Amino acid sequence: MKRPILAVAAAILVLFVIAAFGCTEGEPAVTPVEGEVVASSCVSCHSDKDLLKAVASPEPEEAVSEATTGEG
Amino acid sequence: MPPLEAWEKVFLGDADFMESTHGKVGCVICHGGDSSIADKELAHTGLLADPSDISCDTCHQDIDEKHDFSLHATLGGFQSVLEARGGNLEEGSPLATAFENHCQQCHTSCGQCHVSRPDETGGGLVSDHEFRPTPSMQYNCVACHGSRVGDEYLGNNEGIPADVHWTQATMTCAKCHSQELHGSSQSAATRYQNSNVVKCEDCHEEVWTNTEGNPQHEQHLSDLQCQVCHSVAYKNCYGCHVAFDEEGLPCRTSEPSQIDFEIGYNPLRSSERPYKYVVLRHVPTCLGTCDYYGANLLPDFNALPTWKYATPHNIQLNTPQNESCDACHGNIDLFLTEDDVRPEEREPNKDVIVTGNPYTPEE
Numbered sequence: 001m002k003r004p005i006l007a008v009a010a011a012i013l014v015l016f017v018i019a020a021f022g023c024t025e026g027e028p029a030v031t032p033v034e035g036e037v038v039a040s041s042c043v044s045c046h047s048d049k050d051l052l053k054a055v056a057s058p059e060p061e062e063a064v065s066e067a068t069t070g071e072g
Numbered sequence: 001m002p003p004l005e006a007w008e009k010v011f012l013g014d015a016d017f018m019e020s021t022h023g024k025v026g027c028v029i030c031h032g033g034d035s036s037i038a039d040k041e042l043a044h045t046g047l048l049a050d051p052s053d054i055s056c057d058t059c060h061q062d063i064d065e066k067h068d069f070s071l072h073a074t075l076g077g078f079q080s081v082l083e084a085r086g087g088n089l090e091e092g093s094p095l096a097t098a099f100e101n102h103c104q105q106c107h108t109s110c111g112q113c114h115v116s117r118p119d120e121t122g123g124g125l126v127s128d129h130e131f132r133p134t135p136s137m138q139y140n141c142v143a144c145h146g147s148r149v150g151d152e153y154l155g156n157n158e159g160i161p162a163d164v165h166w167t168q169a170t171m172t173c174a175k176c177h178s179q180e181l182h183g184s185s186q187s188a189a190t191r192y193q194n195s196n197v198v199k200c201e202d203c204h205e206e207v208w209t210n211t212e213g214n215p216q217h218e219q220h221l222s223d224l225q226c227q228v229c230h231s232v233a234y235k236n237c238y239g240c241h242v243a244f245d246e247e248g249l250p251c252r253t254s255e256p257s258q259i260d261f262e263i264g265y266n267p268l269r270s271s272e273r274p275y276k277y278v279v280l281r282h283v284p285t286c287l288g289t290c291d292y293y294g295a296n297l298l299p300d301f302n303a304l305p306t307w308k309y310a311t312p313h314n315i316q317l318n319t320p321q322n323e324s325c326d327a328c329h330g331n332i333d334l335f336l337t338e339d340d341v342r343p344e345e346r347e348p349n350k351d352v353i354v355t356g357n358p359y360t361p362e363e
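Note that the protein sequences, when read in sequence, are chains F and W. The opening residue of the first sequence carries number 1 in the numbering used here; numbering runs sequentially from there. The opening residue of the second sequence carries number 1 in the numbering used here; numbering runs sequentially from there.
If we strip away everything but chain W, and leave its shape as in the complex, we get:
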């Protein structure tokens, strides 16, 4: 997504916005500045480009209260796994400094979803100053969530088809992910703990209520996550390291990503997700991710698997593994086995690595 020119970022091509509910509020009420002065610099004194933090809750308190707990606001998803791996994120600690320098910018505000492009992607108004109840898939959602979920959903991974929800129904992200993105008024350590999280059965209820004539569903609904049968190969990342380069600029390196499909044991097994088998995605983080900032900053790195519960966004009705019973049963290539896991990562992944002859009919 090419960045906007400086003038484009603040250009109101359609002044009709001023007739809208938000437009009638007036620019300076939210943004500050002084509109009575013609001089550009003086008029912009004290101006807030993104006033989300102080303006939106004036009228949208109910959403704002939830948003304060959402992962988009708190980055709790990153913090919780770093802490679970023994990381110390207290202010001033080496890991907190690394987080501040390399991770903290991946945060969004009301305006950076509903009005402008996210700061992390250069910012700028998406559609004049229109407040879009549904964020732009292209300029907001995929702008940040592009390299894995976005590429999967849109079919940008070579040889891998796009998700049927996109190819057959042109469903944008918000069709499934709506209120979930505002959080649930409770702190969540991962997106799967959000009580508003979307589930396949929210739309495909009939799959659970009427399995007649579909032996695969009759047999497997309770022990296989939907994606085990209905997603295809997806991206896995490895070896992320953060540092500053010789010129003092923050930098990040990682190994080339790999397109794989790995079924493993469910690391989040619960009444909500009772499946025995799920698809697993490798996380970019490794033991030495933050070594630039100090040695052994994640002393309990092995406390969590590096192959995590995944929900690839490339759903298909027909997939290589659901072509026939034999396409999956006993097909060891589909499963995460010890050989697929780096020796140094076998210990933390011992509970998700499939052992024996996976999923034989008598199991």
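Chain F with its partners taken away, still in its complex shape:
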């Protein structure tokens, strides 16, 4: 008897979590708490122009055929 009760309780809990934190139009569901911490180190590098210039790997030059003519 306990198992069905536990299953129902778990389902209610899941539904509650989805209702409380699930996606709504224009309001992403992912909690920002972790994200903000996580984001900060990404942003600290990606908003530092000089650092980016210094560490950016030169992109391999895309080889374009000289035989290509006309318009795409």
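If you are wondering where the hints come from, they were derived from the structure by calculation, not from laboratory data. Everything numeric in this text was worked out from a predicted model, so none of it was measured. Among the hints, erroneous ones may be present.
[Said to hold, decoys possible] Think about it this way: if two alpha-carbon atoms lie no more than 30 angstroms apart in a straight line, the pair counts; the simulated DSS-like pairs of lysine-lysine are: (1) W/276 <-> W/199; (2) W/9 <-> W/175; (3) W/350 <-> W/199; (4) F/53 <-> W/40; (5) F/53 <-> W/9; (6) W/175 <-> W/66; (7) W/24 <-> F/53; (8) W/199 <-> W/175; (9) W/40 <-> F/49; (10) W/276 <-> W/308; (11) F/49 <-> W/9; (12) W/66 <-> W/308; (13) W/276 <-> W/350; (14) W/24 <-> F/49.
Starting from the known structure of chain F, arrange chain W on it as the hints suggest.
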């Protein structure tokens, strides 16, 4: 459009983005990687530069479901005409290989319209990491749709004026083409089958409801596509061939494009497009487009005309052909006649080539 430097592509000049709805989600939630590591290589392990395919539908399911069917995602517009011409696009077939090598890259994702430049044009953030509900006309739309529609609309074809929607109202592409670009939840073989496709009458309804005082509209609204009277000469392409060059690089050749204006019979005549006459644009594809990959890969090439229904983006109120009745009626130069069509293409175009004395008053 010059490509961005590597650092520019990922530079966040304005960190205010982090305060936005998307910014608050956090970088790694969408892009992966490990932000707890200072080492650049390790921090970027497993990073997804464009996470559109796995992230956007988390919240934007309604749009994502449509997008899966949109021509921007499926490239169905290319595939449908190749198959209609008898092409076999089954995986591993010569034509499928050609498609994969030369056409498949012209595909876009959510991010490549709303966040960054398309990969095909080198990629890179458009405006920091701002999610732009309306894509940039310059860096997104015209970046791909430039050589024909973009040049027409902006007046880049020598001697041909820009579209009045641009010169008089500075309307960007998305002003007309909005939800249409996300598709319609149904597979479409061409953009004209999209039920959300934009129509002139969406804005110019009064043209249909009140023709009084405009004899041209009174006479012609039902049998002439708007562009027949209100567009001017546009670009036509010929003889596209795809191959690999001696160095093993994919290459493409085509004949010089031609600026022409050709009115023909409507190949898509329907209740939606009942016009008898429309303007026609020549497609780049020819019988031998994929000959590098094998002979006769489009065995039913003649199943479709090579002059196709067109909607040139250089609309004018006044055009040479609507200057007077005689400017169009009986003016054979405006019409696609047999002499305008290459002999080998006359058979597939027989239903769009205008015959006799076109559009005489008694017709």
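Which numbered hints fail: When the structure is compared with the hints, none of them turns out to be violated.
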